[in-house]
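A.B. asks: Residue numbers (the numbering used here), protein chains in the order written: chain A, 236 to 389; chain B, 5 to 596.
No lab work stands behind these hints, which were simulated from the structure alone. A hint or two may mislead.
[What the hints assert, rightly or not] Taking CB as the label site, the calculated pair distances span:
#, chain 1, residue 1, chain 2, residue 2, range
1, B, Gln-188, A, Lys-389, 49 to 55 Å
2, A, Gly-341, B, Ala-560, 51 to 57 Å
3, B, Lys-145, A, Lys-387, 26 to 32 Å
4, B, Asp-494, A, Lys-389, 49 to 55 Å
5, A, Lys-251, B, Lys-160, 31 to 37 Å
6, A, Lys-389, B, Asp-230, 47 to 53 Å
7, A, Gly-324, B, Gly-456, 29 to 35 Å
8, B, Ile-135, A, Gly-341, 43 to 49 Å
9, A, Asp-371, B, Gly-261, 30 to 36 Å
Heads up, the beta-carbon is just placed ideally off N, CA and C, and yes, glycines get one too.
Residues per chain are reported as follows:
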Amino acid sequence: MLSEAAKKELNEIRQKYPEASAALLPALYIAQREFGHLGADAYEAVSDALGVPKAIARGVGTFYAMYKHKPMGRHIVQLCTNVSCMILGAEKLSDFLKNEYGLEPGGTTPDKRFSLVIMECIGACGTAPAMLVNDDFYENLTEKHIEEILEKYK
Amino acid sequence: MKPTNTVIKVCMGTGGIAAGGSDVMDAFRTELDASGIEATVEKNCLMHKVGCRGLCAKDVLVDVIVKGQKTTYQYVKPEMISRIVKEHIIENNPVTDWVVGDDYHNFHKKQLKVVLSDCGSIDPEDIDAYIAGKGYEAARKVITSSAPEDVIGIIKASGLRGRGGAGFPTGVKWEAAMKQASKQKYMICNADEGDPGAFMDRSVIEGNPHAVIEGMIIGAYSIGADKGYVYIRAEYPLAVERLRKALSDARTRGFLGKDILGTKFSFDIKVKLGAGAFVCGEETALIASIEGQRGMPRAKPPFPVYSGLWGKPTVINNVETLANVPYIIRNGAQWFSSFGTEKSKGTKVFALTGKIKNSGLIEVPMGIPLREIIYDIGGGIEGDRALKAVQTGGPSGGCIPAEMLDTPVDFESLAKVGSIVGSGGMVVLDADNCMVNMAQYFLQFTQMESCGKCVPCRIGTKRLLEILDRITKGKGKEGDIELLEKLSADIKAASLCGLGQTAPNPILSTIKYFRDEYEAHLKGKCPAAVCKELLTYYILEEFCKGCGACLRACPAGAITGEKKKLHKIDPAVCIKCGACFDVCKFKAVKKE
Ligand SMILES: Cc1cc2nc3c(=O)[nH]c(=O)nc-3n(C[C@H](O)[C@H](O)[C@H](O)COP(=O)(O)O)c2cc1C
Ligand code: FES
């Protein structure tokens, strides 16, 4: 179930568009925030709120990489391994996360503290390699640097 | 002594914040308070954030301007602030140890800033700072006293071409939309910047969002649109936040909304967040995404200017294109077209990354030789090594080899050598970069991001990638290079949208200039020693000191040897992870 606040937010967004289905992307973000990820209940809630068939909602949700379809950790480590980051050592960092934290791309630590998502370019290529933890950017990364950063996220 | 007329500007773009810009600002506040000058600080010392000035590699960058004298500090950390405040702000003696060097000034010397002219100097979150530098004057002039035809005339005469990749003349696009009779039209700003190696649009929005908004207002007035959207990547949280604030401030000041500046012209802008799909940067996919659908491109024609968002005439322009507009209106078409080449007017913003000393954001006149960008602005290659190639235009572009560094950087010249200006990514490569691996990287990207609607792109990129994969694993076959070329030509010809039509470019340009590298891979060698499966690691007897560092680092137990004696790697056990190579202080581990 969506919270009352979320329902209200959804309704407001709905009013901004000429047709309900146009509100799908923001609605899915809200549902993801509420449910943690987009499962059957989340799609059901969005579909009910907007009057859009569930299949359409799911079709849209599965097209975009930023919608998550399984439970995620409390903090999402989003490491860029695209070209500028790759040539400055991003692959080593991905190995480091795997070896030190047991974080596989797409995986979550058993204590649900971190999930790792491999990103395409996040626009920090001038100070590569780079990652986002939740909404915070970290750049010029080294293994030591990552260790210090992740300490901040409990 | 009390500080007078002091201005402190702290770089707070994404790069500046990541390097600790907020802590630096806090330290300044605390330090100024502690110096017992807080009473005068408000009046005489102004501190504010600025957006990216380009050289994020040296962040946090701070300008301290005392009595009109500007000093720039680099790599500023909170613990440095007390000295800066005491010696520079109070005693007026700049702390020379921390001041930027020649490379900072050389980085800026050959640049020409139009779009970025206010980035890095004004506070992006302060609409008054933008207005003080003549901001919104162009919009005011246009809305209150120009006919749409005249505005379009100026944009056409300026020669401005789209900065989103295709280089389509902006004035022509606007004119086509203006001529549509429809009551409802839309003006869209494409801020879905997704090309790997590119961050121009992010920096422009973070550094000067009002210029983009002003450009949109002028565009909307010219074509007769009353609604606008900025479609922006959700991966850029800071840009989204600054854009939203800027829109709200512009609305409060009456530059957006109903009856703007007392005229009959109404226009407002909404922000639409993307959700992580590169293909949504393509204009018809972007429209589908705003409409709430899967972001899949459709065949053109009809072009969006005839049938775009919800079937209405729609102009889509790139962030940088729009940010040029107010400056063109303010300074005139002639002024703008005095920069650049015959067919590529004005300047272009590039993101300089990879193995370059001064990586960062630059703006140069179109037509500048690539060499000047790399050596004069970029300061040359990291470690003064030899340059191998410059990749431009991201996954739609190609590699320009070192021998062609004198190529002028403009739409026509780059196309001639098999690359493109594209959105403005420039990735600098040296001898340690394998060109087949580069092509493979880009193909992995396009194959992942292919929306799957058309067969040539969906299956073609997959096949291309498979061939590249086997070449880099030493399993390439005779004829694979020719097969890549043939398949590439088919995909280019038959794909539905620009993604597929340009996806093979990184392959074609690397085959064109680095065919020998492909051939070497077919013979089982990676000349740059990058492709894992083709490497063998061994230890050089004359350098090995027998320190045992490699033995301890090897996760596979492939290394044997006694202390102070030559160590050996067993190739049958070696997993080629490179740990020994990285850890050896004596350069005794060799890979080839
Ligand atoms: C796969 C693909 C991705 C694109 N991504 C972007 C983008 O991120 N930003 C952009 O401005 N244009 C992008 N474009 C180009 C747009 O389709 C369109 O040409 C451009 O936004 C028009 O604006 P302009 O005339 O100001 O350049 C992309 C095109 C393709 C084929
Ligand atoms: S390639 Fe990693 S941030 Fe751009």
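A.B. asks: For each hint, tell me whether it holds in the structure or not.
C.D. replies: These are the hints, each one checked on the structure:
In this structure the hint that Gln-188/B and Lys-389/A lie 49 to 55 Å apart at CB holds, the actual value being about 50 Å. Look at Gly-341/A against Ala-560/B: about 25 Å separates their beta carbons, and that is not inside 51 to 57 Å. At about 49 Å, the CB distance of Lys-145/B to Lys-387/A disagrees with the hint of 26 to 32 Å. Restraint check, Asp-494/B to Lys-389/A: a C-beta distance of roughly 53 Å satisfies the suggested window 49 to 55 Å.
Checked against the hint of 31 to 37 Å, the C-beta distance between Lys-251/A and Lys-160/B comes to roughly 34 Å, which is consistent with it. Remark: the range hint 47 to 53 Å for Lys-389/A to Asp-230/B is upheld by a beta-carbon distance near 48 Å. Separated by about 32 Å at the C-beta atoms, Gly-324/A and Gly-456/B satisfy the suggested range of 29 to 35 Å. In this structure, Ile-135/B and Gly-341/A meet the distance hint of 43 to 49 Å, their C-beta atoms being roughly 47 Å apart.
Our hint of 30 to 36 Å for Asp-371/A and Gly-261/B holds, since their Cβ atoms are close to 34 Å apart.
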